[in-house]
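The sequence shown begins at 0 in numbering that gives the first Met the number 0 and counts up one residue at a time.
Quick caveat, the hints were computed from the structure, so don't treat them as lab data.
No residue lacks a Cβ here, since even glycine has one placed at the ideal position from N, Cα and C.
Just so you know, not all the hints are guaranteed correct.
Said to hold, decoys possible - 16 Å max Cα-Cα, derived EDC-like pairs, lysine to aspartate or glutamate: (1) Lys327 with Glu78; (2) Lys309 with Glu385; (3) Lys327 with Asp27.
Unchecked claim - Each pair of labels, with its calculated beta carbon distance range: (4) Lys256 with Lys106: 38 to 44 Å; (5) Gly429 with Ser131: 27 to 33 Å; (6) Tyr3 with Lys256: 28 to 34 Å.
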Amino acid sequence: MRIYARNGHFLLQWWDPGAKGNLCERVDGDLIDALATARRVEQRLADLRTSNQTRQRISHDELVEGFLADVQKRADAGELSPSTAHRYRSALGHYLTFLDSSATAGKHTQVGQVDRQFALAFATFLSNLMVSPNGHPNSSKQRLRGQTFIVDTVRAMFEWAADHDRGNCLPEGFRNPFRKNALARPSQPVDPLATLDVNMDMVVEFVRLCDDYQRSLFVPILLYGLRASEPIFLFREHLDPDWLRVVCLPELEYLTKGRRDKRFPMMTIITDLWNLDATSPGVGLLYQRRRIVDGRESSPLLGWSLDQLKTEFGRRCIKQKAATAAAKQRVRDSIIRDAGGLTYDLINGEFHRIARQLGWPKTATLKDFRHLFASVLSDSGIPEPERRYLLGHAPSRDAITRYTHLFNLSEHYIGMVESHWSEVIEVLRGSNNND
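My request is simple: use the sequences and hints to build the entire structure.
Take a look at the structure:
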């Protein structure tokens, strides 16, 4: 511990093992005050091997770099999805752009100097920002969407920095100018009475125009409310006589969005689309690329079982030294591709091919199938616990969630399909009769 006398104050300096660097603290007072502060710091160093003192100055670039490094570690540990870490990085890119272009930001070169005026200037910058919607420089500019997510990301970054157990790089007593009650933004709730972009009549025409391959893909998405990525990771091993299981596959670095498994009652109208009979294989991916089905393409892992693909995934991770979550996901995607599986782009492409033939507006997307499914669940009177389960929402931590068992799920679901999806079923039965 060193004590330097300055004009009107003292400066303490010491090596901090926890911070792995020299730290200092200013003491306004006489020599006795400086000695008392030095003893307190030395006692903390002896007991905790850290003074819990933060760096007095840290730049915005250092803050962003430290926060994103922590987010990446959390993603590698399984706390976050790698796609979430990517979204955080993109959001903070706008923050760094603001720092380079704003005169207000130039007055706050150190993180500890930010205040409410800085936060308001950043919010104004976002509201006036024009970006290319598809990232191409020649496309027409549009106002930035998702401003709330960007502000929330910056708020989370400053909360991380002020937390002594995480970032610990802001002075004691720092008040986050991005806290929610400091930047209250008017909410824009969705109108529950608004017309759906894709309604039941449109869906009936959609199914009628589908070929056999497309029906086997989109009818389960419609009737089960699957997310667009979930068919990619459906295996024949997940098909039971009574249930279709949509499960997380941590051995393949895959978790559903709600991080929960779910089951759907099997129906003859669905199994007929999948051509499930005694001669069909009982293992492997349920869905394959169209070129594989048509025989125009082959894949080295075609027909491999789920257990075989798990083993191959582990072997490739070791060979490629895939240690991060993002690297493991790249290996997983290569496994699915080599097994003849689908991708989100292929599913989305099949959807838009039919939507263009029907002349649907550009606002109609594959996600609207799920919106329609959720609306039909509500209109049919299915209890909320069953709706949350069928939609795959993350279970809450409330005790009632643990104590509630869904004994009548299959009965309620099949009744909903027969009463509200009857037109779609009639189209499917008519096509089967024609065949």
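So, going through the hints one by one against the coordinates:
Proximity of Lys327 to Glu78 is assessed by CA-CA distance (about 15 Å); at most 16 Å being required, the pair is judged to hold. Proximity of Lys309 to Glu385 is assessed by CA-CA distance (about 31 Å); at most 16 Å being required, the pair is judged violated. A threshold of 16 Å between alpha carbons decides the hint, and for Lys327 with Asp27 the separation of about 53 Å lies outside it, so the pair is violated. Checked against the given bound of 38 to 44 Å, the beta carbons of Lys256 and Lys106, roughly 41 Å apart, stay inside it.
Between Gly429 and Ser131 the beta carbon distance is about 45 Å. The supplied range of 27 to 33 Å is therefore violated. A C-beta distance of roughly 56 Å is found between Tyr3 and Lys256, which places it outside the suggested range of 28 to 34 Å.
The structure does not agree with the numbered hints 2, 3, 5 and 6 stated previously, though it agrees with the rest.
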